[in-house]
Amino acid sequence: MKNNVFLPTFFLLWCAGWTSALADEVKCFESRKGASEVTQRMIGENLPNVKCSPKTGAVLWWGDPFDGTVPMGDMPIADADYTRGKALVKPRSDKVGLLPLCGNTCHTGVLPSGFPQNKDSRQLIMMHQAIVLDATKLPHGRSAIWCLDCHHPKERNKLVDHRDNPISFDQPQKLCGKCHGEVYRDWREGIHGKRIGEWASTGTKRWFVCTECHNPHNVQHGERNRGIAQHQPEVAPALPKGMKTADHERRHHDSARH
Amino acid sequence: MSKDMSCNPEGGCACSGKKAEAAPVESVSSRRNFLKSASMLSVNSLLGTAALMTMSDDARANTEWAEWFQGNYRLMSDEEKALARGRLERRYSREYAKTVIVDGTPAQEGVLMGYALNIKKCIGCRRCAKACVEENNQSRGKDQDMEWIRVLKMEKGEFSKEKMNQGYPEGLGIQVGGNAYSPAGVVLEGEHYYQADAVPEKDSVYMPIACMQCEKPPCVKVCPVRTTYREADGPVVIDYNWCIGCRMCMSACPYWARRFNWSDPNLPKEAMNPVTHYLGNRPRMKGVVEKCTFCIQRTRKGRYPACVEVCPVGARKFGNLLDPESEVSRIIARKHVFRLKAEQNTFPKFFYFMD
Ligand code: SF4
Ligand code: SF4
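Heads up: the sequence lines are chains G and H, in that order. Going by the working numbering, the first residue of the first sequence is number 569, and it counts up by one from there. Going by the working numbering, the first residue of the second sequence is number 10, and it counts up by one from there.
A portion of the hints provided could be inaccurate.
Claimed, not checked - Here are the computed distance ranges between Cβ atoms for each label pair:
(1) H:Asn275 to G:Val594: 19 to 25 Å
(2) G:Met694 to H:Asp152: 53 to 59 Å
(3) H:Leu331 to G:Lys623: 37 to 43 Å
(4) G:Asp592 to H:Lys129: 40 to 46 Å
As the list claims (entries may be wrong) - Which bits of chain H does chain G cover? Going by a derived footprint, with three or more residues having C-beta under 8 Å, they are:
(5) 80-87
(6) 135-147
(7) 153-165
(8) 205-219
(9) 296-304
(10) 318-327
Just so you know, the hints here were simulated from the structure itself, not pulled from any lab data. The model shown is predicted, which means the values in this text are computed figures rather than measured ones. Don't be surprised by glycine CBs; every beta carbon is placed ideally from N, CA and C.
Turn these sequences into a full structure, and let the hints steer you where they fit.
Here's what the structure looks like:
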């Protein structure tokens, strides 16, 4: 009798504790909403790993820029400074989170029979529609490419380049650079893209890879129709004391006359 | 004359018969010696006041009296600098209830700090401005909201025949904005206070502005007490303790980069960043000017400025202008670069660039 009461109570308490722990957790996104996220925690006395924006949930400040990173690994290009072994990335490959179902088919490398084996574009009927609604009209490359131009047709946990070489999710630049060569060159030089850590050219840096800032499944996002998705902006600075509105900023000489 | 009534070189005059308890005996600057001999009585009365003031919780009253008499940071000896920083560390740690570091790392040989910003990439999200506040201990809140970086929203435009006669306000006979695009705005042709659900907005470009760390800084030229000066590795800094709040520098700066503490800064204890530099982000007081220092507390230690790290589009680049391999040097070598108001001969070390 005693045991019968005890067990459910225990579970109730355990669940309650668990959910409240979840509620306390603050998660913020790093560069782009929907890409990498971090959970706020203390990494030292008075030192949080990140500070986050109360308005947008974006990371505003890194306590440790190298938290959770690994060396970028081999890069076949000689003139970039990551050959000095100081380039770090935040790994994503281990996060290709798979439901048990996915691990039984496709993502094990065994495609079910009757599954089309060619690269011809076709509608997705059962999977991944949440990511791409209409695979034949991908808003990237203006519908000229589709899923299997970037995702490995057989090794489903890998990307693929145009010579069928598998590419890790940690290094999408090897794939993206095949088309966007000029940008890739600038990225290697540090002119394009985001890095955090040490500023010296020989310093240790965490490199943000392409997909941490760009959404590869929708680069034509938003009104400006450019590579970067629209973001929610942070709040405007407070108006100077005594100023009621900022309307004066929005007035052209034309409209001032009216 | 009894021994009590005499003056001695270490402890100052003890005319009241008792040595003032609150007097730290650490700072022995020439200025203090001068003050000692010139006006012992008034110094002594100040000591008494300081002793009273340290009882109070008010942050300004807690300022150690020695702070009032310290020299210009640039002219202090290394020991005096260390003493001044130690004093501040103690005071800040008390005020903000955490261990505060006031660093004094000097300029490094062979470094000239420079900045580059890709004006075509900026989406106007203002994360840089907020990251700066997190890092640099600015005053926040409704009464005094201080931001060193301002992001201006501007209209996109192009030259066209139809707009040939626009930009001439009727009756004024002067040209404002010319044929560049639709008629120019009244003041800055830009909005500081834009509100939007999502940025970038259609047909808008954004231009963040902060201190350009001029090589020939007009702000430095006008400072009557020489408390703002250019450091050897580039940044223009302020010794807040020596600032008299005359705001000459603010009117001299062509970039509107400087801000003034009209009232006591509001810096919540838990939000305060305890890793500071004497010439950088240490908490300021009422009546002094402040501005961007290229995050001197971070960059002197090798770390990127906070705004560089936070920019979601990687528009912000920082590095050593003397190193041809640095990110800024490569940008200057390869991209179209301009400096704001270069015609003012300020020689900014902040470069705007385009792909
Ligand atoms: S931008 Fe203004 S505050 Fe900064 S160095 Fe130049 S003149 Fe001085
Ligand atoms: S964080 Fe970058 S994109 Fe956002 S306003 Fe600042 S410079 Fe522009």
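Comparing the hints with the structure gives:
| no. | hint | in the structure |
| --- | --- | --- |
| 1 | H:Asn275 to G:Val594: 19 to 25 Å | holds (23 Å) |
| 2 | G:Met694 to H:Asp152: 53 to 59 Å | holds (58 Å) |
| 3 | H:Leu331 to G:Lys623: 37 to 43 Å | holds (39 Å) |
| 4 | G:Asp592 to H:Lys129: 40 to 46 Å | holds (41 Å) |
| 5 | 80-87 | violated (count 0) |
| 6 | 135-147 | holds (count 7) |
| 7 | 153-165 | holds (count 3) |
| 8 | 205-219 | holds (count 7) |
| 9 | 296-304 | violated (count 0) |
| 10 | 318-327 | holds (count 8) |
Figure legend: structure checked against the earlier numbered hints; hints not met, in rising order: 5, 9.
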